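J.: Read off the chains here:
Number of protein chains: 2
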Amino acid sequence: MRSQDTHPAIHIDYPAWVDSVADWARTYASDEERMKLAIAVSRANVDNGGGPFGAAIFEKSGRLVAVGMNSVLRYNNSALHGEMFAFMMAQKRVGSFSLNAPGLPVHELFTSCEPCAMCLGGALWSGVRRIVCGAAREDATRLNFEEGPVFPESYKYLEDRGIRIEHNLLRDQAKAVLELYRSKGGKIYNA
Amino acid sequence: MRSQDTHPAIHIDYPAWVDSVADWARTYASDEERMKLAIAVSRANVDNGGGPFGAAIFEKSGRLVAVGMNSVLRYNNSALHGEMFAFMMAQKRVGSFSLNAPGLPVHELFTSCEPCAMCLGGALWSGVRRIVCGAAREDATRLNFEEGPVFPESYKYLEDRGIRIEHNLLRDQAKAVLELYRSKGGKIYNA
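Protein sequences, first through last, are from chains A and B. Numbered per the working numbering, the first sequence finishes at 191, counting up by one with no gaps. Numbered per the working numbering, the second sequence finishes at 191, counting up by one with no gaps.
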């Protein structure tokens with residue numbers, strides 16, 4: 001017999017507030033609009049008690065496929081960084097373990113901060129063809145968020161496999177959310 | 001209103017066969033016994049149409065906390081490598097996003113094959129304090145399974161943070177499952 005103790009089930013869902021930031025019907029035409037959504041997700045996540053990281057996956061056309069918010073605290077699950085959340089939701093939506101499967105349009109990841117080692121590896125398996133980053137690794141580490149073993153060769157490894165990677169898009173806006181988190185964190189944890 | 005199309009839910013559960021290999025009541029006393037379980041999970045997964053990778057997380061005492069089987073194909077989810085599956089299940093079971101949270105015993109990961117870049121990064125966040133590997137990266141790449149951007153410095157990065165990493169435990173037995181998968185014409189989903 002299966003016990004709930006030994007056999008827990010994992011359930012992952014969007015938080016109730018997701019539709020206050022994500023507009024599933026519109027076209028996000030420019031890179032800036034797409035990054036603004038990823039940053040808006042990161043900000044809403046902080047406002048709702050989550051970590052300061054957001055991501056969004058679009059078809060190349062600008063159609064929104066999925067968003068991701070850091071859900072480590074919400075689900076007690078260290079794998080649920082914003083990017084990983086978005087990959088899972090996007091793959092579930094398209095019904096494939098690769099967003100680069102035959103017949104699918106090109107998919108692109110916009111993330112409010114440069115991916116950690118787990119998410120950069122996860123991006124390689126996800127099938128996204130382009131990764132656009134807002135805040136930089138050092139912006140996160142200044143908050144004592146670790147990014148793990150990511151090296152210049154790590155990026156090159158993905159680029160050699162045809163994935164385009166771009167940095168520092170709306171970096172200041174993305175960084176402002178990291179700073180918001182730090183300022184709120186002081187209130188919550190040092191009260 | 002939420003549409004199922006735009007707002008899919010993710011559900012992750014152990015496959016029905018898990019209890020044919022995992023004995024939740026016994027103590028896995030030695031490293032060899034623990035690795036044998038990880039390898040048995042990888043083999044059962046192949047027998048049931050999954051990828052040839054298995055993992056198990058134990059308390060240092062030998063108490064089994066969680067297992068993980070590559071579930072990329074079963075769930076159309078590229079994040080669900082065996083190790084990631086095991087991290088999620090273990091964290092859900094202990095009720096913390098870190099297996100190294102205060103008050104918890106030391107947790108250790110046994111994996112039938114050296115972790116890919118995603119899983120190595122994920123291991124750092126998971127809170128496991130020791131990683132024991134069966135088959136080697138080159139055993140997987142010989143099957144055209146990609147391992148991603150993992151470098152000697154990647155291991156060093158984890159070791160510098162107090163995580164012990166050991167290689168090649170029962171490597172031949174672990175490798176035999178990779179070869180079984182190849183002989184069955186198994187799908188290489190991230191070539």
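Careful: at least some of the hints might be erroneous.
What the hints assert, rightly or not - Below, a sample of chain B positions facing chain A; criterion: calculated Cβ distance under 8 Å:
hint: 1; residue: W17
hint: 2; residue: S20
hint: 3; residue: D23
hint: 4; residue: W24
hint: 5; residue: L73
hint: 6; residue: N77
hint: 7; residue: M89
hint: 8; residue: K92
hint: 9; residue: S96
hint: 10; residue: G103
hint: 11; residue: L124
hint: 12; residue: P149
Everything labelled a hint here was simulated from the structure, so no lab data went into it. Computed from a predicted structure; not experimentally measured. A virtual CB, placed ideally from N, CA and C, is assigned to each residue, including glycine.
J.: Of the numbered hints stated previously, which ones are contradicted by the structure, given in increasing order?
T.: 1, 2, 3 and 10
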